[in-house]
Each structure stands twice: as C-alpha cells, then as structure tokens.
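With chain F fixed as given, assemble chain W onto it according to the hints.
Protein chains in written order, with the working numbering: chain F, 9 to 327; chain W, 9 to 327.
These aren't lab readings, by the way, just hints derived from the structure by calculation. Using N, Cα and C, we set each Cβ at its ideal position, and we do this for glycine too. All the given hints hold, so there is nothing to weed out.
Covered by chain W, according to a simulated footprint, are these stretches of chain F (three or more residues, beta-carbon under 8 Å):
1) 82–92
2) 177–184
3) 266–273
4) 288–296
Using 27 Å as the maximum straight-line C-alpha spacing, the simulated BS3-like pairs for lysine-lysine come out as follows:
5) Lys105(F) - Lys298(W)
6) Lys327(F) - Lys327(W)
7) Lys160(W) - Lys137(W)
8) Lys206(W) - Lys179(F)
9) Lys298(W) - Lys160(F)
10) Lys179(F) - Lys303(W)
11) Lys179(F) - Lys244(W)
12) Lys160(F) - Lys327(W)
13) Lys303(W) - Lys105(F)
14) Lys160(W) - Lys35(W)
15) Lys211(F) - Lys179(W)
16) Lys137(F) - Lys298(F)
17) Lys179(W) - Lys206(F)
18) Lys160(W) - Lys160(F)
2 protein chains.
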Amino acid sequence: MYRIGIDFGGTNIAVGIVNEERKVVLKKSLPTGMGKRPVDEMVSDMASLCLELTEKVGVKLSDVESIGIASPGVVNSSTGVVEYYCGMNLDHYPMAKILSEKLGGFHPVYMENDANAAAYGEVLAGAAKGARHALMITLGTGVGGGIVIDGKIYDGFNFAAAELGHTVIEKDGVPCSCGRRGCWEKYSSATGLIRMTKEEMEKCPGSRMWEGISDLSQVNGRTAYDAAKKGDEAAKRVVDAYQDYLAVGLANMVNIFQPEVLCIGGGVCGEGDYLLIPVNEQVMREQYAKTSARKTKLVIASLGNDAGIVGAACLGEGK
Amino acid sequence: MYRIGIDFGGTNIAVGIVNEERKVVLKKSLPTGMGKRPVDEMVSDMASLCLELTEKVGVKLSDVESIGIASPGVVNSSTGVVEYYCGMNLDHYPMAKILSEKLGGFHPVYMENDANAAAYGEVLAGAAKGARHALMITLGTGVGGGIVIDGKIYDGFNFAAAELGHTVIEKDGVPCSCGRRGCWEKYSSATGLIRMTKEEMEKCPGSRMWEGISDLSQVNGRTAYDAAKKGDEAAKRVVDAYQDYLAVGLANMVNIFQPEVLCIGGGVCGEGDYLLIPVNEQVMREQYAKTSARKTKLVIASLGNDAGIVGAACLGEGK
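Just chain F, with the same shape it has in the complex:
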C-alpha cells in the first residue's frame, strides 16, 4: 500500500512515494521556477512526477491510497485550497482539485500548510514519533511552526495558526517583514544567525570568523559555529546570543503548550548537541512547570527534507 507526498517548496517541488511503514521508497524533485511560470505548470510537474514515480515503483496510480500536498501559505485543509500565499500571489487557488484533474480525476488529494505537514511527519515517523502533543519549529529563512494536538494537526479556526516565528520576544526590536518588531524569527532563523554573525564580524576584524571569507556576502549559518568551536571569542558571543534567543522562544512555547516533544529542524540543527545541550538546559531552567515530573523533550528533527513529503502522504491516514 502506497501513498504519495508532495512538498511544494519555494525552490523545489519534491514528490515521494511513501510505503505503509511511512518511509519514502522513491522520490524526485524538479525546480519550482517560482516567479518564472504560472502555478498551473508547477501542478502539471507534480502530476508528471506522480506518474513517473508510480511507474518506477511498479504500482498503478489507481492503487495509490491518497496524495497529499504540503504547501506554503494559508492552506484550507478541508477544501484543499491555498487561501493565500504571498510568495506566489496565490489567492483561493484550488490546488488539490487541479492536481486531481491533471491525474484523470484521482481521488483523494489532501493539502496542508508545509510547516504543519512537516510537524505531522515528525510525529508519525520522525523524532516526535508517538507524541500526542508535539510542536515542530523549523529554523530556516524564517522560523516555521507546526502544532500537533491529540495526534492531529492544529491550524486554528481559519487555517492560519502556528505562526510561531511571528511572536514578539523583543518588543520594539528588529523590524520584521510581517510589520511587527522583534519577532522571534528575526533572531532564531538562519537569517537571524547570519545577521548577528555579520554584525559581530564587522565589530571584530581579527575574529576567526573571517577565515576563508573575503566578503560578508559569503557568511552562512555555520560561520560563527565553526569559529566558536576553534575557540574564537567573538564567534562564541554570536553563538551564545543566538542560542539565548532560541531558548527564550522555545521556553515560551513550552510554557504555552507543554508538548510531549518539541522538535527543532532546519540547517542550524546540524550543529547537534553543541546547540541542543545548552539550549535544552536554558529551556528547562526558564520553563514555568519546573517541579513537574514530566518535562517536554527537546529533540532535533530526524526526517530532514522528507518531513513534508511524509507528513503530506500521511494526511490521508484515518480519513
């Protein structure tokens, strides 16, 4: 028994065939071509990838149990409509129905917001496996959030919930694209880390963060971590500040949700225990229910880029 999961991303459209053990048995991606072509063509690519992959796996499309699409933006999961996605000017776009039509009326096609689908994937088959209540925080260009309550994706009464990165943790702080100031994602995203790295590098021309870097545009999310591990003081300040903001935001989430598992993903998590251990200590120190015998488990996501595919594929389970 197979399901298909589609991760519709800003860079790539990734399609995967997922088996009963919720494992990706085959996947393939194509460039999204965002801003270069109409969304209808992107959905056509989803359809051809579905056909190509099912053929390779040796299963008829009609034998696939369900297809799920994880999409950015506000996604109405009950109708399969992208209500709004500013990145592509999508407005009430019935993506699930259009994909279904392109696949000769294939049914059912489910949809979810991409961060929610990734959280669902981690709960069903990843680092948060088996958790009744779990949160997933993705540290990428922004800080994405997904909420799973009672084993189900929680998306609010209008499908727009879980914008965890858009919670102000430093009032009147760094301006955010959402119009507010001091949103968590301005500090804890990879983008935030890079900004803080650059600021410290400009202040400290002798820092080892400059090793191999001729221009600030070459700075990435590892620059400060690499130099900090070599003992560079300026880099350590960046790492400490970054992790302090991260822990403050995570402790906020623990105080609100007390989830069984709080799963963090995104490139920065490649730092593993170097990041996880001090952040976890601070979160446990700052969380309100210090005396509670049962504490939220802070873990690093394990499905990587497959989380969205797995979560999307599994949307049809139990429906």
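Coordinates of chain W only, in the frame set by chain F:
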C-alpha cells in the same frame, strides 16, 4: 438537573449551584484563609457549602450530577490531584477524593486548573459561547491563560500548559517571579499597570493621576485610566503603554492559535470599549493572517467571577 461548581481561590472559596442552562442559581463564598489553616479545613468548607446550598435550592446531594473544583496550580484533571501549587505548598494533594469522602462518597468530583475552568465557562456559557477554539486571558495579579481546543480544555501532556502570561515579550526586561525576565504578565497584569502608573506619577508630580491620592500605595488599576479620560497627558502615556504591551501579547496569541474567540477578563476589562477598541485595532494590525477572511474575535469576558464556578460545574458534561 443540577451540578455544583467550586472556585477555590486565594481569597475566597466560592461554591455555586449551576442549572441545565449553565446558569448559577445560588452561590455562596467563605474566606479561604490561605496561610492560616490547613487545606483540609478548606475542603471541609467546600463540603459544608455544597450541603448548605443544595438544601436551600431544594435538591438532594445525591441528585446532583457532578461536582467540579477549579483550583490554582498544576492540576491533574484525570485524577483530581493538585500536583503542585506553590501558594499553599500543595504537592500531590488529592483534593477531589478528599472532597468526595467529606461528602459521604459523592461521585463524580472533577478538577481543573482555575484559569482553564474559567476559559471553559466562557466557552460554554459566556462571551466565547459556541467557539470551537478559544483562549481566555485574565488580567489580574498575573496574566492567567486558559486554552480550549475543539471544545475541550487543553492542558498539555503534564497538565501544566497555558501559562500564557509567562511568555517573554521583552527579552531581558522586568524580572518575573518565575525567574525569567520580560514575561508578558509583568506588563499586562493589573500589577504591571499599577507599576507603570506609579513610575509615571513619580516622574510627573503635576499629573491628575495624583488627584485624591496622597501616597503611591493608594494607586490602583483605575488611577491611570480615570486621569487619562480627563485628558491628563501623563496618564494617557501610561494607558497607551499598557495597551501597547497588551496588544503585542494578544497578537502573539492570535498568531499562534488563531482562535475563534480571544476572551479577556479581569478588573482592567471594566474599562470596556475604551480599552477594547484600540487594543483590537492593534491586534488586527499586528496579526500575521491579515488577509484571512475570518478574524479572531476579541471580546471581554462576560461571566466575571462566575466563570470558574460555571466552568468547574460543567467539567462533568459529556463524561
């Protein structure tokens, strides 16, 4: 058909008989005597009030459908045990069982955290009536929070969730009793309003906030509002700052939960539209899902002190 709701507060123990329309038909309270007597005596008072009120209403205790207790602290709602409440040094105190015994084995007795019970009351019979997903924020000594998801109280995997007031909104801000700095409750509680009022009064000896006040200890949550309504500039600054912090925290909650109704209660809400209208405008401006057709409704709680009684009484519904 009647149920009994008990609001076990720091000041009073309030017991109410609640009818099928979820209305309090009779209630009575006694001083809690916190710090002056053992908790067992307080539970005895709950029992005698239950007997006294049922007799007055003319119903046998055995005909009461259920009793519910709303208590501060971390309450295990599945066992009826107060896991932890620092205000009384309660530690794994089986309050539901003890009340049941004092009432000759009356069954069932349910328990919930007080803020959660108040939220539940507002959803069942108050300002958030009928909402599937709702939040309740109480602006009192602290900022209390209650979460209702899918019509049920959400209290996390360890019953300690919904500490919405203990989310940092101003990193490295005002120290909080929880050990963190800059918690929302330091700014948006009545206590926070009073602190800001005093600070501004000290800076502005000519302000109308001083009218009728000889000593800063007389300042209360109305001092700044009363003077602001008379046009006092210093008082307006206090009110604007207070409402700004409140709106920032509320917008955080909207971005996280997108609840159908966000209900605010507590003494400060007596200001009504004078507070609600500007705060709502800012919350709508700051919330992320600006384009969503369906917006969270910000309302003032309508059950007042009865919210806990009604919510506690209704814990037995559908069980």
